[in-house]
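*Asks:* Here are the chains, one letter per residue:
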Amino acid sequence: MFNNLPQNISTYGADIDGILYLIYAIVGFFFVTMEGYLVYAVVRYRRREGVRAVYQTGETWREMRWVVGLVAVVVFLDFLIDFRGADTWAKVKQDFPSGDVEILVKAKQFAWTFVYPGADGQFDTKDDLTVPRILHVPVHRKIRLTLTSEDVIHSFCLPEVRLKQDILPGRRTPAWFEVTRTGTFSLVCAELCGLGHTKMLGVLEVHDDSGYERWLAETAKEMFE
Amino acid sequence: MTNDPHGPQKFIWKYILSTDHKMIAKQYLLTGLVMALVGAFTAYLMRWQLGYPNTNAPGWGLVTPDKFNMLVTMHGTIMVFFVGMPLLVAALSNFVIPLQIGARDMAFPRLNMLSYWIFVLSCVALLASFFVPGGAPAGGWTGYPPLSASEQYTGVHWGMVLWITALALEFASFTMGGINYLATFMCLRVPGMTYFRVPMATWFLIGASLAFFFSVGPLIAGAVMLLLDNVAGTGFYIPAQGGEPLLWQHLFWFFGHPEVYVIFLPAVGCVLEILPVFSRKPIFGYRAIVWSMGAALALSYIVWAHHMFISGMNPRLATPFSITTILISVPFAVIIFCMLASLRQGSIRLDTPMLWGLGFLATFLIGGLTGIFLGSASADIYLHDTYFVVAHFHYTFFPSVFFGGFAGIYFWYPKLFGRRYNETLGKIHFWMTFIFFNATFWPIFRVGAGGMLRRIADPTQYRILDQFKEMNSMISVAAFILILGQVPFVWNFFWSMFRGPAADANPWRAGTLEWLAPSPPPHGNWGPGLPTVYVGPYEYSRPDMADDFVPQYRPVGVLGGPAGQA
Amino acid sequence: MDGAAHSDSAQMPTAHFTAKLAIWWLIGSEIMIFGGLIGSFILFRLARPQWAEMAHHLSVPIGSFNTLILLTSSYTMVRAFVSSGRRDRTATCWNLLVTALLGLTFLCVKGYEYAGKFSHGYYPNAGLFWAFYFTMTGLHALHVLIGIIAILILFVFGLRDRLWPIASRVEFTGLYWHFVDVVWIFLFPLLYLTS
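Residue numbers (this note's numbering), protein chains in the order written: chain A, 1038 to 1262; chain B, 54 to 619; chain C, -16 to 178.
Calculated directly from the structure, the hints in this document are not laboratory data. It cannot be assumed that every hint is accurate.
[As the list claims (entries may be wrong)] Below, simulated SDA-like cross-link-like pairs (lysine to any residue); rule was C-alpha separation at most 20 Å, straight line:
#1 A/K1236 with B/A293
#2 A/K1143 with A/R1181
#3 A/K1143 with B/A293
#4 A/K1236 with B/D119
#5 B/K120 with A/G1233
#6 C/K3 with B/M239
#7 A/K1236 with B/M239
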C-alpha cells in the first residue's frame, strides 16, 4: 500500500512514516486474519446434507470470552497507536523550535508568494524580499513559516517533507520543517480553493548554506537595483 | 385523501400520493436508484478526466477544471445525501420497520407522504443547479466557506444557493421521516415485541435515525448562516467581515461523523438480518451488538474534529480527538467479531443476499481498518486530503450503500414485489461489482499514499504523480466496468418485477414478522388481527425443535423454558 | 400463518400518546437547531467584548414588552388547553384568538424594531452582530408565524364547532407554542441584556 510513498526529505518525516508502517502492520494483521477467517468459515461451514447448524446465541460470558479477549487486544493496540502518534504530532504541530530562517507565506487564489525578512531579520521593513512561486530554503536549518491567506482556505502541502497545514484566511498559522537534502521538490495546494486549485503549484528549492546565501544576495540585488 | 385501505384505488392515490408505507418505500427506492444513475454519470466523467486527462469524454466533451469542481461537488452530495439516505434510511425504514415490529403502517402516514415529496422537491432543486446560470455548485461536498460563501470565490451563485436549499429541504424531509420512524418504533410494536426481541435491521435503522436526528440541527443552523452569507451579504464565515470559517467545519463535521453512521448502520442491520437466515444460526451476541451500536452512536458525537486535524484548529485538540476516534474501533470490533462468530458452525447457503452480505463484510473491513490511519493525527498530516482518504471513504460508503443496500434489496425483493428475482443474474451482478469495486478502489490507496491529492482536475500537474499515469487509466477502466456491471441489476430488477416467478410468503424460511405477511403485503399488512410475538427474532436450529427455525409469531417458549413464557 | 391474532389496541400506546411523543421529538430537533445557532453566537460573543456597544442599540423596553407579550400568550394558550379539556367551546375559541393576536402583536413590534434598525443603516450585512441578531430573531419570528397559523386554524375549526375530534391538537400546538416562547427567553437576554 505504501510502496509508492514519495521519498522523505525532512527530519520528522521518518517519524510520520514510522507511524504509517506501525499502523500498517497492525491493521495488516487484522486484515489477513479476519478476511482469512471469513473465507475459511464460508468454505468450512457450507451447507451439507444432514449437518445441522449449532444453536449458539452468544449471550453468556463464556461464549463471549474470545470476543472480549480480542477486543482487549484491539484496545491495547489503539492506545499504542495513539501514544506513538501523539509524540510525533507534538513534534510536528505543537512544539515549534525557534527557527533559523523565518518566512512569511502568502496564499491567494491561485498562487503562492513567499516573503523573506531580508538582512535586518524584521518583516515589514524596506529590505523584505518578495518571491513568487518558489520557496528557497537552506538545508539542515529549521524553517519557521507563518502561513496567511488573502481569500479562501488553502492548504500548504509539501509531500516529500510530510508537511500539510490548512491556511485560514484572517489568521496567521504557524508551521515548521527542516530538510535533510538539497534539490527541487513539490509544493502544492491541498484544499479545494476554486477554479485554479489544480494549478496552484509551487516549488521547494533546497540549497546548501552557501548556495542559499548566494541566492539571497542575488535576489536582494535584483530587487533593489 | 382516500381512507379505504382495501377498496380499489385510483392510480394517483395508489402510486403517487400513496400513504402506504410499502409504496412510499418503493418510491424512495426508485428515486434513490435514479439519483444513483446521475451519481454514476458524474463518477464516469471524473474518472475519464483522471484516466485520460484533457481528452473528450464520450457523450459529454472536455471536462474542464470548472466542470470538474462541479462534478466533484455533485458526486459527493448526490451519493451521500440523495442515494445513500433515500435507499438505506428512507426506503428500508419505511418498508422494514412497520413489517418487522408488526405495525399496519407508519405512525403518521400522511406525514410520511409529505416527507417523500419534500425529498423529491430537494432532488429537483439539486438537479436544477446543473441548468442555472453559472452552473452547479463547486464548493466540494463539504462546502467549506469562504469558498462556498461568496460568488467571487467559486464563480457560482445560483448553484450554491440551490445546493444549500436542496440540503435544507432534504434535512427537513429526513427530520420528519425520523420522527415518524422513532414514533412508530416506540409506539406500534405488537404485543410481545419487547425491545430485545426487535430484529436487528429495525434496531440499526432506528440507530441511524437517532444519529441523524441529534446531529443535523446545528448544521441546519449553519446552512441558514451560509445561505445568508450567499444572498444577504452577511459574513458569518468570511474573515474580512469578522466571520470565522472554522465554525462551518465544526458544525458540518459534528453532523458529518454521525451522518457516516446514518448510512452505515442500516447496511449493518441488513447484513445482521441476513447472516442468521443464511447460516441457519442465531445471531451471535444479540445484546452485545445492540449495546455496541449504542456506544458507537454516543462516541460518534465526540469525534468530529478528526476531520479537522490540520484545519488550523488548536493543535492540542488533536490527541483527545485521536483517542475518541480510535476508541470507536472497540464497539465496531465487537460487532464484526460477533458477525464472524455467527458464521461459525453454521449451515451456510450462498444465495445472492448472503453473497452481498459477505461482500459487505469483506470490503467494509478494509474501510474500517484504513480509517485507523486517518484517525491518527500524525499519520493524517501526510494522508489528509489525498486519494488515500478517497479510497477509505469509498471503502466505507460503497459497501454500505451498495453491498449493504443490494443485500437488503435482494433479500426483501420477494416481499417488496411478490416475485422472485433471477438468481443467476443476481450472482453475476454481485461478482461484477465485487471484483471491479476492488479493482477500482484498491489501487486508489496506493495512488493516494503516493501523494495524489483529492479534487484535482488534472493528475498530470504534479511531477511526483507521473508514475501513476497508467495506474490512473487502469482505475478508470475498472470504474467503467463497475458501472456497466450494474446493468444486470437494472434488467433483473424491472424484468422480475413483472415476469419473475411468484414468491410465497416466506421464501427464505426466516423467522421475523415481515415473512408472516403475504408477498407483497396488502394494505394494512396483517389482515383482521395483529400477530403476537413469543420469541426472539433469530431462533434457528434450536435443538428442541425438529424444524430448523422458529418464527417469532409461533407460540413456543424460550429454549429450556415452558411454552409461552416471555 | 400460525400466529395468534390480537385486537389492534391491546397493550399498545394510544394515538394521543404517539402524537405527543412526535411533538416532543420535533421539539428535540428544534432545540438542536436553535442550540447550534445560539451556541455559535455565544462563542463569538465571548471572543468579542466590543459587541456590547452594538447591543446598546437594541431597545430593552421594547424587548421587555415583547417578552411580556409572549409570556401572556403562553398563559392564554394554557387557558385554551384547559377550556378544551372542559369542552368549553366559547372559552377555547376566545383564548385561541387572544393567543394568536398576542403573537401577531409580537411580530408587529418585532417589525417596528426591524424598521428602526434599517433606518439607522443596521442591515444584516452591517457586521456580524447584526447578522446574528437578524438571523436569530428572524428564525424565531418564523416559528412564531407558523405557531400563529396553527392556532388560527384551530380557531376556525372551533368556530365551526369541528374542534372536538381534533381537540388534542390544542395541547400539541400549545407544547410547540411554549417551546417558541422558551427560545425567546434565551434570545432576549443574550441579545438585549449583554450591553
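*Asks:* Mind checking the alpha carbons of C/K3 and B/M239 for me, to see if they're no more than 20 Å apart?
*Replies:* Holds - the C-alpha atoms of B/M239 and C/K3 are around 12 Å apart, at most 20 Å.
*Asks:* Does the alpha-carbon distance linking A/K1236 and B/A293 stay inside the 20 Å limit?
*Replies:* violated, 25 Å
*Asks:* Keeping to a limit of 20 Å between CA atoms, is the pair of A/K1236 and B/M239 held or broken?
*Replies:* Distance of about 54 Å is beyond 20 Å: violated.
*Asks:* For a C-alpha distance cap of 20 Å, please report whether B/K120 and A/G1233 respect it.
*Replies:* holds, 12 Å
*Asks:* Could you grab the alpha-carbon distance between A/K1236 and B/D119 and see if it respects the 20 Å cut-off?
*Replies:* With a Cα-Cα distance of about 12 Å, the restraint between A/K1236 and B/D119 holds, given a limit of 20 Å.
*Asks:* Next pair to validate is A/K1143 with A/R1181; report whether the Cα-Cα distance is within 20 Å.
*Replies:* holds, 14 Å
*Asks:* Next pair to validate is A/K1143 with B/A293; report whether the Cα-Cα distance is within 20 Å.
*Replies:* holds, 16 Å
The structure fails to meet hints 1 and 7 from the earlier list, while all remaining hints are met.
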